[in-house]
Structure formats: structure tokens, C-alpha cells
Amino acid sequence: MSLPSLDVERIRKDFPVLSRELPGGRPLIYLDSGNSSQKPTQVIEAMRDHLAMHYSNVGRAHHALGAESTEAYEGARDKVAAFVGAPSRDEIVFTKNASEALNLVAYAFGNPMGGDPRFQMGPGDEIVVSEMEHHSNIVPWQFLAQRTGATLRWFGVTDEGRLDLSGLHELVNERTKIVSIAHQSNVLGTVNPVAGVLARAREVGALLMLDASQSVPHHPVDVAALGADFVAFTGHKMVGPSGIGVLWGRGELLSAMPPFLGGGEMIEAVWMDRSTFAPIPHKFEAGTPPIVEAVGLAAAVDYLSAIGMDAVEAHERELTAHALGALGEIPGLRLIGPGDLADRGGTVAFTLEGIHPHDVGQILDDVFGIAVRVGHHCARPLHLRFGIPATTRASFYLYNTTDEIDALVKGLHHVQKVFG
Amino acid sequence: MSLPSLDVERIRKDFPVLSRELPGGRPLIYLDSGNSSQKPTQVIEAMRDHLAMHYSNVGRAHHALGAESTEAYEGARDKVAAFVGAPSRDEIVFTKNASEALNLVAYAFGNPMGGDPRFQMGPGDEIVVSEMEHHSNIVPWQFLAQRTGATLRWFGVTDEGRLDLSGLHELVNERTKIVSIAHQSNVLGTVNPVAGVLARAREVGALLMLDASQSVPHHPVDVAALGADFVAFTGHKMVGPSGIGVLWGRGELLSAMPPFLGGGEMIEAVWMDRSTFAPIPHKFEAGTPPIVEAVGLAAAVDYLSAIGMDAVEAHERELTAHALGALGEIPGLRLIGPGDLADRGGTVAFTLEGIHPHDVGQILDDVFGIAVRVGHHCARPLHLRFGIPATTRASFYLYNTTDEIDALVKGLHHVQKVFG
Amino acid sequence: MIAESMYQELILEHYKHPQGRGLREPYDAEVHHVNPTCGDEITLRVKLGDGGKVEDVSYDGQGCSISQAAASVLYDLATGSTARESLSVVDEFTRLMQGRGQVEPDEDVLGDAVAFAGVAKFPARVKCALLAWMAYKDAVVRSQ
Amino acid sequence: MIAESMYQELILEHYKHPQGRGLREPYDAEVHHVNPTCGDEITLRVKLGDGGKVEDVSYDGQGCSISQAAASVLYDLATGSTARESLSVVDEFTRLMQGRGQVEPDEDVLGDAVAFAGVAKFPARVKCALLAWMAYKDAVVRSQ
Ligand SMILES: Cc1ncc(COP(=O)(O)O)c(C=O)c1O
Ligand SMILES: Cc1ncc(COP(=O)(O)O)c(C=O)c1O
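Chains as they are written, first to last, in the UniProt record's numbering: chain S, 1 to 420; chain W, 1 to 420; chain V, 1 to 144; chain U, 1 to 144.
It should be emphasised that the hints constitute simulated quantities derived from the structure, not laboratory data.
Treat the hints with care, since some could be wrong.
Lysine-lysine pairs mimicking DSSO-like chemistry, simulated, CA-CA at most 27 angstroms apart [stated by the list, open to error]: (1) Lys53(U) x Lys417(S); (2) Lys417(W) x Lys13(W); (3) Lys13(S) x Lys410(S); (4) Lys47(V) x Lys127(V); (5) Lys410(W) x Lys121(V); (6) Lys79(S) x Lys121(V); (7) Lys121(U) x Lys417(S); (8) Lys137(V) x Lys127(V).
Distance ranges between label pairs, derived from CB positions [to be verified]: (9) Asp406(S) x Asp78(W): 38 to 46 angstroms; (10) Ser19(W) x Ala306(S): 28 to 36 angstroms; (11) Pro26(V) x Thr158(W): 48 to 56 angstroms; (12) Trp271(W) x Pro87(S): 37 to 45 angstroms.
Using N, Cα and C, we set each Cβ at its ideal position, and we do this for glycine too.
Modelling step: build the complete structure from the supplied sequences, incorporating the hints.
If you want it as C-alpha cells, here you go:
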């Protein structure tokens, strides 16, 4: 049995920016794909071609361009549905980003317009998130708690950077209406054990949402196999464009939820004093949707599928192994997140003793053209948990090489010299 | 004094799709810009170049690409602010479309998280829209009324297709919290008299929102001169890409409003149990924003500015005069909207006796490649008001010619022959 | 008119000369369906005989040529066939219409109704084509 | 290190050898400012003398080299000048920092502080550079 593999040199040629020279003659070493990924020519050209030759509004048009654009837009939904194993294409809602997808679900609760008891919420009800969440999977639930009087609770994180499941049974209980956690942490790299949490959620009748912003781009993900109720992810992290995100939800739940944004395209009929709504997915897509962005996302999904998500995952695993080994030898470097390869993805966050991450990141960029992310990575509570204001984070994708990781290590040595 | 003018033949060369041949050898005659406009090479190439060479996430990045992308994104805000005369760039919020902008403001009312009395709403309070609104300026207010128990009321429309101001003083009264009306109707072409409505709103202490989706692309618009409190518009109708809309609001009001979507980028600091928020405009921009879309919108604004919005307006006025004259001679054609040029834009809706608009539109497309929009154009209540299920709508933009209008007239004669 | 045209001669023919139009007695069930997005409406009656034979489909309505022609084609296909057979034609027609132009129509099953294949590319028109067919399905179910 | 570098020698110099660091007596006002997004913090004291002369600016804090060096440069510029003069330098520095790299810095006004020009391109860093300066402005206002 041979492992799936990919030809990284060939892939790099697909990404124009990777051969770019930065001001001052620096090469670009892009290790910030966890923040947002670069785009291959295939995606860029699909968007260009659509804008130049096939663009029009979708759905409501009765002409040739309208038909072409609608076919492209709805075709993108088919492709995304297939990519994540959605049982039905109608369960794929296009949003503007993962954050909107998370907010959309949060706004479905405690909404006076919604009648389904699963989405009713008030004082005494509980919402569960975790301490390792991205702000986009914390703040919408804080808002929900504030609007409804429900209580927000959370899983802790172990010293090793794993979800602390020790209190699972008390934390997720009969009062819990929804649990929403990251599938993969954008800081620690940890892949969370969905099955255990799901089983407990089912036991108590709570819904489960996964923030898969960091997993869908990097692993084969099958939403049906995962078994959750809602899954959110985002186009720009999976070699697609900005301006588009995805909410997958069980059709039956999406149909039971009240609408979120009101306007054109999400209605069936409108009178001045009332409206009826389109079936899913359109019920949640008010106004002109991200048309050319869907075209780009479809091209992204085609691109990743052609390479194979197994191969992408295997490649990143190799890079992560290399990075964990090489970084481990830097004196004063403290890894924040699991040190072994089990259940973790290609995101490596760390601190360097005595040197502020802002300085690390900026010197790496300034001197070597190495792009990493520094700060709290929109996961401030996680950093508070570890007692640090910020970390430096390198995150890998299909186009990265072990040479680039070696350059990072060399760069970190230089940083230590500058600030030593 | 010479009127501003534009070289339509030169402009047409900028729009690749206009030289396209449709299947069956049909030329394209695009008269559906009110639905969504076509894009010039300048916009398409700006997006392509950004995606290929300068893309990265914005704001939070500490590296060269992050700086370039942030400069481009925030630079787009400067350009849009200048384009509509916003007193401050911080008053420009990027949304996913005009619909989100309208919903954002509607969600600010009656929100338990908001403390400002101007945004408190409950039973007894009133919201005023009009019968000529796009669904995107009706449904969000219906939702608001349902959430809060407030009452939704509306201006009627006269037989000529003008806002019926006869009941202004009773309709907009001390109970009114907000009035939200179209600046220009997407069906009738009517440009509404903002000053009179604004004066009354100010008298009673109500806020005024304008849905400028159909005015900003076609006229010089200065939000400060208009004097309203909120103005919404959308990129895809102004030669920009899909996936981006704009909310302008008075800084003081935006600052007083509660946040809408929660997540990354819109926060100042996050703890597990509470958050503080970024200043405007970022407070309303949760998650990764429409980066490449902003780049495209900036190029669109540059493109329109170089031609001059006065010239665009004058050109459309000429087309509209030509269309009103030529269509007026078709037997059985009933114009829905003002028959004269005063306070109206380049949108002409009509019915043909005995022939369903769906058939009109499809034959025009099928036989002549003429793209018009047919149906209720997301303004079903307006059509109910006129006792018709649908209309055919031709809408003009800077790249249209009088020849194209003549082709439409010829096409309509053919339609009458086919279905006669 | 071009080859891929949505307006096949056949559709226009049915629109101008609708088959079986008008409401007739006797009937087992009558339904009234409306397409709220465009205002098209239809009233449709079904009369079933022995062995599920469709003895009559009578209808009246208003709307665009697609919705009217679709009712006329439906009349031709359904009368004389059995309820079971005709419902499988309805299913195939629905599949075609909802296929967004990507479904290859089965001409053997659909007969004249393949003329509507071009409609499938225009989501806004699909409901027009389906209006009478959905009403028919509904009426048959209620007749049995 | 390249020309457009954010890390001018001068910034590193001030970071490694901060001028005027440490909290001293006497003072007219003390303020404590925090940048919640990155955890940088500073405590800063101001002592004004006759004619609004700035007699001392003393401070302590933690954060990245940019925020620490900015405090040191501020100390150099403010002490010995008057409150009025120094506040106009603060204004110019703020304008530069918030200019997103598009503002031409006025070297005559800013002196050594022009070294921070490169920071303006990184919105996430602007607050680091401004932390001490905003704290200073606040402290001067409270001293008067
Ligand atoms: C008057 C008016 N308002 C609002 C909208 C909604 O704009 P969007 O589809 O970009 O949300 C449109 C266009 O569809 C419109 O014409
Ligand atoms: C784990 C996680 N969740 C949510 C998000 C938010 O995604 P977006 O910015 O596309 O809304 C991100 C990325 O920023 C993320 O890493």
C-alpha cells in the first residue's frame, strides 16, 4: 500500500504569487495559510472568465447569460456538496464567510419568529463552546446568550492543547441546546474528537455544530460521516476566493429554522404585511449571492479534488512532522499545542522566550520574506488560558515545502540574534 | 455650457461580454443592468492581479502581503467614501450586498444589546417603508416588526408611479422610529423626493434610511448633501463584482448601534464571557471581509469616476428619453412608471396586452439575444398595487446605445407577432 | 428561432391551441394551485375510471405560454393512460425540470413533453412548467 | 535589512537601550494604558513645570519592540519641550500612524519618530506604536 502523494513543485507553479519577489528582493515564503490561503491560476482564471464572458445575476434571470450564471452558481453548490459529502445539495447554504455561517445558526435560536422547540432559548438553557475557539465561534454565542438570557459555558483546554473532556457529562447536560466547537483549532492544530462529544449531545438532545474552517481545507471531510448537525467553513482558506463561506446543515433542521436575513431571493411571496419563504437553501440566501465567488470556490474544490484530499493531508502531515522536529531544537521555543502528530493538523504555534511574537513575525518578514501570523489569531481566550498575550504561528498547506520550514528555523535563529 | 458626454463606443470595448456571441449566433443586447451590471476589463484585471500577486488576509497580518492586501482593502474604503461624499471613511461599512446592509440596520433596532433610545423598539413604535420597495427593503422590516411588536406602515404609490406623499404627516409621526425608502425604484425608475420625507422625519425625530442600490450606480450621489442617516448600495450593480455591498451611516449613529454579526475582526478584546468591540467601521465587519471584492469595487469606482457620474447620468437620460418615445408607439404597451423624464432614471417597465412578460422576455432572448428582466423584480407588492403579476423591464447603463433600444422595439413587435 | 430555443414550435402550438382546456363534469377531485412568485394559477379536475384509467383531465387557468402549454401537453399524455403510468411520467418530467439542464430527458417516457427540456435552464421558469403537473399529481392522489 | 524595513536601527537601538525608562517622582499625573488586542501595557507619569515645560516623562511597561521603542523616542522628544509643542508632535505622529502608509511624514516635526513610518502599513502594529503616545497625551491633559 502506497501513501497518496503530491508533486509539490508542480503544484507551486499553479500559484503565481509563490514565484513573486517581495520589495527589497526578498523571496516569498508563505506560512500563513491558516489565516488565508493563496489561489491557483485555475481559480483565478475561472473567476476572470466568468466575469468577462458569463456574468449576470442568477435565479431570477430569464435570458442566456442568466441561465449560464445560474448554472455556474448552482453547479458550485453541487460541487461543494459532493466535496464534503452532504446528503443533499439543498443543505449547502452560501454565506459571506464562516463567521456569517456561525452567526446564522446562532440567530436561529431564541428567535420569536421560530416555532421549533429545538431552537427556543431562554434563561436556564445552556450553550456550550470551548476555550480554544476562534472569536467567530465565541462572540455569536455570547450575543445569543445576551439576547435570550441563556448561559454560555465552555470546555477547557489541557496543558497539551487538547479539549478537556473530563467534565463532559456535567458540561453537556439536559439544559444544553447546542454545542459548537472547532473541528480543528486554528492555533493549536488540535483535531477535536467529535464522536465523543456528539454521543453526549445526542444523549441530552442537544444539537452539535462544528467550526470546520480549519479542517475542510486540509483533510477529507465527510459531513454525513461526522454526524454533526451544522458545519461551517470558508472559501478563502481552501484556495478559493474571499467573499464566500459555507454552512452545511441537516435539511430537516435548516427547514425548521426561522429565516435570518430578509430580502430578494429568499422569499416565496411578499405582501406589504407578511411574506412566505423559499425552500432551503435559498431561504438563507438573501439578496444577490456571491456569484463569481461561488464560481471560484467550485474551481477550488475541483483543484483540491484533482490532487486528492488524502494527498493534501499526507503532505501536510509530513511538513508538520518536519516542523515539530526542527522547531523543537530551538532553545527557548515553547510549543503551544500537541507535540505529537496524533489528531493534529499543520498549524504550529509557539513562543520564543523573551521576544514578543510581533517582533518575531516582523523580522521574519522584513529580513527573509517569511509570512507567519503573530498575535492571538482571533483566539484570545485560548492565549489567556496559556498565560501569554500572543504566539507566532506557522501554518502549512499543499504548496509548502520542508525547505520553507528550514528557512523558518533559520529565520528564528536570526530573530534570537537580533533581539538577544 | 456643454453637457457632459461619454464615448459609448469606446466604453463598450471595455466590457468583454458585450462583444460576445450567444449560442445560435445571437449578438448580446444587455438591457438588464438594473438587475446586475456587466464588468469592465479594468475591474476584472484588478481582481485577477490582486488574487495572483498580492492576496492575503487583511488587518491582522504582519507581513508584506498582509500589508499590501490591507492597503488595497482599506484603500477601497477611501475610494468608496470619496465616491459618495461620505464625511468620514470610517462611515463606510463593507457588507456582502445591499440586502445585508439593510438587514444590519434593521437588526440594530429592538436589540437587547443596544442601549441607545433611538434604536429601542417595541409595540406602539412604527416603521415606515413604501409600496415601491424592493423585497430587500421590506422583509427585514417585517422581521423587525415581528421581533419587536412594532407596526410596519408604508407610503402608497400613485397611478403615475410616484411616492404618494399625501398622507406624509399622518404616516410619519411621533411614533415613527425609522423611515426606509428607495432613492430610486428598481421597477418604476422613479427617483423619490428625499428632502420632503427627511424634513418630516426630522420633525418627529425619526431616522431616515435610503436604499440607494439603484441610484448610486447611475447618478452623482452625495450622502452628506442628501442628509439621510443610512444609505445602502451594492457593488454588482455599479460595474463592480458580486459579493460586496456598502452601508454608509452617520458615524455617531453607527457608533451608537449594537454590533450585528460577531466574530473575528469586529472585536477589541474577547474573554470567554464577554467582549468589547472595535470602533466603526470594523465593528460591523465580522470575519474575513470581501477582500478581492473590495479591490474590484475600488476599480469600479475609479472607472466610473474617470468617466464622470454626470456623464453617465446624462447618457442614461438620453437613452431613457429615446426609450420612452419609442416604446410609447407600440400598441398595447402599458408603461408602469413615470412617462416623463423628471425625477426618473433609466429603468423602463411595461406590460404588453395579452402577452405574459415571461413570454416577452424569453422570446426577446431566444430570437434576438436581448436580455431584459421579466417578473416582479423583487417588488411583488408594487405589482399587486398595479394589479399585474409581472412586468417586462429594460434597464440601461453607460454601455447601452439607442440602437439597442431600437432592437428592443423591433423585438417587441416580433413578440406580438408570435403571440398575436 | 434557434435550435436550443425554449420555444419549440410544439410549445407555441399547444399554447395557441390548448388541448382539453375547460372544466368538465364529472370529476373525482378538483385542485387549485398558484405559483406565488409569478401569479400563474390553475384549477384542475381529474376523473379516474376502472383499473385506475384516467378518463378525463380538465383544467382552466392563466399564465405564461410555458405554464399553459404544459397543461395542454399533460392533458394529451394523461388521458387514456392509467394513473400509475401518468404519475411516472410526472416524475420523469419533474426530474427533467429540476435538473438545471444537466439531465438527459427520456424521450420514450416523456413524449411531447421533452419539448420543455430548454426550460430547465431557467430556474425562474421551472415552476411555470411544473404548475399543471404538480396540480395533476395532487388531484390524482386525492382521487384515489 | 532592507530599506523599507519596519525595523530601523534606531528602533532596535531604543528598544535595547530605552531612554528614561522607570517610574519617577515627582509627577502631576499617572496613567495606565492597555492595548487589549495584544496585551501591551504601559504606566506613564508626567511632570510639568513653569510655562508648560515638560520636566519629566517616566514610564514602565511591557510589549513588543515597537511599543517599547516608541515610549523611549517619546521620552526623548517630550522632555525639555513644552506640553503644547509636544502635543503637536503627538498629533503629527498619530496622523502618520493612521495614514496607512500614505501620509508623508514631516521630519522637522517628528525628528527620530519618523523611523516608525514603516509601521503605518501594518494596522495591527499601529496601536503598538501609539500606545505610549496616547498615554502621554492623556497624562498631559490630566496634568493641566
Ligand atoms: C432597489 C434595490 N434594493 C435592494 C436590492 C438588493 O441588492 P442586493 O441583491 O445586492 O442585496 C436591489 C437589487 O437587487 C435593488 O434594486
Ligand atoms: C477556526 C476558525 N473559525 C472561523 C474562522 C472565521 O472564518 P472567516 O474569517 O472566513 O469568517 C476562522 C478563520 O479566520 C478560523 O480559523
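Hints breached by this structure: 1, 2
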